[in-house]
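**Q** Here is what each chain is made of, one letter per residue.
There are 2 protein chains.
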Amino acid sequence: MQYNGALAGVKVLDLTRVLAGPFATMMLADMGAEVIKIEVPGSGDDSRQFGPFINGESSYYMNLNRNKKGVTLNLKGRGKEIFLEMVKKADIVVENYRPGTMEKLGLGYEELKKVNPKIVYGAVSGFGHYGPYKDRAGYDIIGQAMSGLMSTTGWPGGEPTRTGTAMSDILAGLSVAIGLLAALRHRDVTGYGQKVDVSLVDATVASMEIINQIYLVEGRLPQRIGNRYESTYPYDSFKANDGSLVIGAANDKLWQKLCVIMGQPELGEKAEFDTNWKRVQRHEEVKVLVEAWTITKPVKEIVDALLAVGIPAAPINNIEQVVNDPHIAGAREMFVEVDHPKAGKMKITGSHIKLSDTKPCIKTPAPLLGQHNEEVYKDFLGLSADEIAAMKKDGLL
Amino acid sequence: MQYNGALAGVKVLDLTRVLAGPFATMMLADMGAEVIKIEVPGSGDDSRQFGPFINGESSYYMNLNRNKKGVTLNLKGRGKEIFLEMVKKADIVVENYRPGTMEKLGLGYEELKKVNPKIVYGAVSGFGHYGPYKDRAGYDIIGQAMSGLMSTTGWPGGEPTRTGTAMSDILAGLSVAIGLLAALRHRDVTGYGQKVDVSLVDATVASMEIINQIYLVEGRLPQRIGNRYESTYPYDSFKANDGSLVIGAANDKLWQKLCVIMGQPELGEKAEFDTNWKRVQRHEEVKVLVEAWTITKPVKEIVDALLAVGIPAAPINNIEQVVNDPHIAGAREMFVEVDHPKAGKMKITGSHIKLSDTKPCIKTPAPLLGQHNEEVYKDFLGLSADEIAAMKKDGLL
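If you read the protein sequences in the order shown, they are chains Z and G.
Residues 1 to 397 in UniProt numbering are what the first sequence lists, from first letter to last.
Residues 1 to 397 in UniProt numbering are what the second sequence lists, from first letter to last.
Please note that the accuracy of each hint is not assured.
[To be verified] Chain G stretches covered by chain Z per the calculated footprint, using a threshold of three residues with CB under 8 Å from any CB of chain Z:
#1 159-170
#2 250-263
#3 364-378
[To be verified] Pairs of lysine to aspartate or glutamate residues, derived as DMTMM-like cross-links and limited to a Cα-Cα distance of at most 25 Å, are as follows:
#4 G:K297 <-> Z:E159
#5 Z:K118 <-> G:D357
#6 G:K359 <-> Z:E111
#7 G:K118 <-> G:E85
#8 G:K342 <-> G:E301
#9 G:K253 <-> Z:D46
#10 Z:K89 <-> G:D357
#11 Z:K345 <-> Z:E320
#12 Z:K278 <-> G:E266
#13 G:K88 <-> G:D357
#14 Z:K392 <-> Z:E110
#15 Z:K113 <-> Z:E285
#16 Z:K80 <-> Z:E387
#17 G:K345 <-> G:E110
#18 G:K300 <-> Z:E159
#19 G:K11 <-> Z:D188
#20 G:K345 <-> G:D379
#21 G:K253 <-> G:E301
#22 G:K11 <-> G:E159
#23 Z:K257 <-> G:D46
#24 Z:K347 <-> G:E85
#25 G:K363 <-> Z:E218
#26 G:K88 <-> Z:D188
#27 G:K134 <-> Z:D357
#28 G:K239 <-> G:E266
#29 G:K359 <-> Z:D379
#30 G:K239 <-> G:E333
#31 Z:K239 <-> G:E159
#32 G:K89 <-> Z:E218
#33 G:K134 <-> Z:E320
#34 G:K118 <-> Z:D357
#35 G:K134 <-> Z:E85
#36 G:K347 <-> Z:E85
#37 Z:K89 <-> G:D188
#38 G:K118 <-> Z:D304
#39 G:K11 <-> Z:D357
#40 G:K278 <-> Z:D46
No lab work stands behind these hints, which were simulated from the structure alone.
Glycine included, each C-beta is placed from N, C-alpha and C at the ideal position.
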């Protein structure tokens, strides 16, 4: 199937499993690339076994693999030759195996380059393809722990805390997509492909912005400081009478406005709190003062009042609120319905990269295991029906 | 200055400030794009005022703006015409103003398109350029709160928790870079640019992977569950006698191996814990059993022992450990030295997107305010020395 999209015509062979790699190729597919997901015959992507399930189909898998075509192929033996034939016709190959796995199969980047010097090769792994820890397995929690992210998430006196989503996987998926598209442009200009090596740990370290600089410049070890921020106050969470909200009154003018709304304009002039730096130093006192006001009212009333006068504020939404929000779910279409042949109509997460002329969209549900074997091996690779039947018989598909 | 890189020859006009936008253009610059950062005369990017400082220079700014050229320009009056002349010669424009700001200046995408239909326009904002909340300010904490990320980060019975880095900004920065590069390819193929609209809230919602699906499919509200994971156990943090570590023994075989290392091979056979699902259900008991072992030993000894038999494990590094790690800081070059004319030699965070042939690198330190005015207005725009002097005199630069 061909459809318009910013990446229409870009052919991607996708060997990735579970999350980081599939998230990257999902974005490419949402933007119109032809992504052919190649799965192990019989079982397929491990995440096909991850719940929650609808009619036995994994919604974990269905969310991350929409818009892709699915084929099966045993990469050993004759399957290896078939894969190399596909590489000749592709623009991009992506995998997230443990480093060395593709080389053991005889399908490392150096081999693929021999059959197609234009190929762009993306690899996502826990620690990257070189360096002393390259052979270590890299789950998301390993990335969050090694990078320092957990050490700075959480509460004073409390434990290091994992971010509630597989953030290292997501960061690595986004980052390899950037590398692939940059390498693709370089390929379009020069005629030469290259390898993009992104690790969960590196991608998470890169996300640490000022946190790394605090240590590098001041030698001060960044601590867990709950929901506040190092450099401005009030910029924190506050309890309301029916939940919590955040307020980002990041400068003196916003602080004065906040005091007026709180019915204490004199507080805004008080010398103890009249500069941002003083408020940062006295953040515990400021929190008590603001929370004494917020705790008496519902979240919605407070947020509406603050937004009305231009003070940045937001409810701390739970997932039910996010999924039903008129802006997020409505106007921004962040949850979209797809009709899956087995699971039926279901909602998955929409594309967050809004392109004005080639709007990313979800055209097809995730493939059943091997659903596009005939189509891809015939149309993409030019094999005859007999040859495909023989491959099936030989257990290659 | 021209140097090789995957994006050599790509010209970016960068109007972004603080974090999300500058992080995106930093990645483009690291990969060889010519990024011209346009700052407000006199004060420049707000983040020039953010610590920590070295000889009065902001390391926050210096980290995110390396490899960019810096000019000043007042976008009002004649400055607007000058900017439009630059747009004619550019490939990409990026901004992270509040939606509507560029339109008020007469420099919205629709205007830029008129002078250069090939221009690719990237906008990063809190809530995006359409939808009922588009006019709300969007700091990072607002993105983390609105998206549901905070509601699922933290501990049972505890408060919603902000991730310890400005993660919504980072996710939006990565995402707009992907959109820009996809739109650039579409432009290269079709001759037409377009607008890329990425919001902090959307980008964070997109990062929620299985969390959204749990609610959408099961109607179950995902909770804060500390460091463990919904679908596998043991996959959690554990206390050692000198810190904490994470273990990801995500299947039965790894669980059995772990029990052997713990000196309790019989535990691996015990019927109460012999499937992953049973261990997830009894995660509190399993944690007690594993922690009774880890608490007696130092982190390094445990991690080394687990890795030696192939059980995924890692220390929960603090930033000092990250910055001095032989893999992260050594082989992967995630902290690199740069020589800044005022701050001197300093370390900043390296590029995490490792391209094999066009290695991203840090060639030049972040610009001083207006440092490249002469060079850019002469070489890029073709203005004479007299014209540039007149612009200075008129307060345009």
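**Q** All hints, please: hold or fail.
**A** We went through each hint and held it up to the structure:
With a cut-off of 8 Å between beta carbons, the segment 159-170 of chain G has 11 residues touching chain Z; three or more are needed, and the interface restraint holds. Requiring three or more residues with a Cβ within less than 8 Å of a Cβ of chain Z, the coverage given for the segment 250-263 of chain G is violated, as only 1 such residues are present. By the rule of at least three residues with a Cβ nearer than 8 Å to a Cβ of chain Z, the coverage given for the segment 364-378 of chain G is violated, with 0 such residues. Straight-line distance between C-alpha atoms of K297 of chain G and E159 of chain Z comes to about 18 Å, which keeps the hinted pair within the 25 Å bound.
Under the criterion of a C-alpha separation no larger than 25 Å, the hint pairing K118 of chain Z with D357 of chain G is consistent with the structure, at around 12 Å. At most 25 Å may separate the alpha-carbon atoms for a hinted pair to count; K359 of chain G and E111 of chain Z meet this at roughly 21 Å. Restraint check for K118 of chain G and E85 of chain G: satisfied, since their Cα atoms lie roughly 14 Å apart, inside the 25 Å limit. Between K342 of chain G and E301 of chain G, the direct Cα distance comes to roughly 44 Å. Violation of the 25 Å bound is thereby established for this hinted pair.
Taking the CA atoms of K253 of chain G and D46 of chain Z, the gap is near 16 Å; set against the 25 Å cutoff, the hint holds. Of the pairs offered as hints, the one joining K89 of chain Z and D357 of chain G holds, with about 22 Å between alpha carbons and a cut-off of 25 Å not exceeded. Pair hint K345 of chain Z plus E320 of chain Z holds up; C-alpha atoms about 19 Å apart against a cutoff of 25 Å. For the hint linking K278 of chain Z to E266 of chain G, the alpha-carbon distance of about 59 Å lies beyond 25 Å, and the restraint is violated.
For the suggested pair K88 of chain G and D357 of chain G, the alpha carbons sit about 31 Å apart, so the restraint of at most 25 Å is broken. Distance hint between K392 of chain Z and E110 of chain Z is unfulfilled; the C-alpha atoms sit about 29 Å from each other, more than 25 Å. A C-alpha spacing of about 62 Å is found between K113 of chain Z and E285 of chain Z, which places the hinted pair above 25 Å, so the restraint is violated. Distance check on the hinted pair: K80 of chain Z and E387 of chain Z sit about 15 Å apart at the alpha-carbon level, within 25 Å; holds.
Annotation: proposed proximity of K345 of chain G to E110 of chain G is violated, straight-line Cα distance about 43 Å (limit 25 Å). Taking the CA atoms of K300 of chain G and E159 of chain Z, the gap is about 18 Å. The hint holds against a cut of 25 Å. As the CA atoms of K11 of chain G and D188 of chain Z are separated by approximately 17 Å, the hinted pair is consistent with the 25 Å bound. With a CA separation close to 29 Å, the supplied pair K345 of chain G and D379 of chain G exceeds the 25 Å bound.
Proposed proximity of K253 of chain G and E301 of chain G is supported: the alpha carbons are some 22 Å apart, at most 25 Å. The suggested pairing of K11 of chain G with E159 of chain G is violated, with an alpha-carbon distance near 45 Å, which exceeds 25 Å. For the given pair, K257 of chain Z sits about 21 Å from D46 of chain G by alpha-carbon distance, which is consistent with the 25 Å threshold. Note on K347 of chain Z and E85 of chain G: the hinted pairing is violated, with a Cα-Cα distance of about 46 Å set against a maximum of 25 Å.
With a CA separation close to 24 Å, the supplied pair K363 of chain G and E218 of chain Z stays within the 25 Å bound. In summary, the hint linking K88 of chain G to D188 of chain Z is supported, as the alpha carbons are separated by about 23 Å, within the 25 Å threshold. Only pairs whose Cα atoms come within 25 Å are accepted, and K134 of chain G paired with D357 of chain Z is accepted, the gap being roughly 20 Å. Distance hint between K239 of chain G and E266 of chain G is fulfilled; the C-alpha atoms sit about 23 Å from each other, no more than 25 Å.
Taken as a hint, the K359 of chain G and D379 of chain Z pair is broken in the structure, with Cα atoms around 36 Å apart against an allowance of 25 Å. Of the pairs offered as hints, the one joining K239 of chain G and E333 of chain G is violated, with about 30 Å between alpha carbons and a cut-off of 25 Å exceeded. Restraint check: the Cα-Cα separation between K239 of chain Z and E159 of chain G comes to about 9 Å, which is no more than 25 Å; the hinted pair holds. Taken as a hint, the K89 of chain G and E218 of chain Z pair is broken in the structure, with Cα atoms around 41 Å apart against an allowance of 25 Å.
Pair hint K134 of chain G plus E320 of chain Z holds up; C-alpha atoms about 21 Å apart against a cutoff of 25 Å. Note on K118 of chain G and D357 of chain Z: the hinted pairing holds, with a Cα-Cα distance of about 12 Å set against a maximum of 25 Å. The hinted pair formed by K134 of chain G and E85 of chain Z fails the criterion: a straight-line CA distance of about 48 Å is larger than 25 Å. Taking the CA atoms of K347 of chain G and E85 of chain Z, the gap is near 46 Å; set against the 25 Å cutoff, the hint is violated.
Distance check on the hinted pair: K89 of chain Z and D188 of chain G sit about 21 Å apart at the alpha-carbon level, within 25 Å; holds. Restraint check: the Cα-Cα separation between K118 of chain G and D304 of chain Z comes to about 41 Å, which exceeds 25 Å; the hinted pair is violated. Proposed proximity of K11 of chain G and D357 of chain Z is supported: the alpha carbons are some 21 Å apart, at most 25 Å. The straight-line distance between the Cα atoms of K278 of chain G and D46 of chain Z is roughly 19 Å, inside the 25 Å bound, and the hint therefore holds.
Checked against the numbered hints given earlier, this structure breaks hints 2, 3, 8, 12, 13, 14, 15, 17, 20, 22, 24, 29, 30, 32, 35, 36 and 38; the rest are met.
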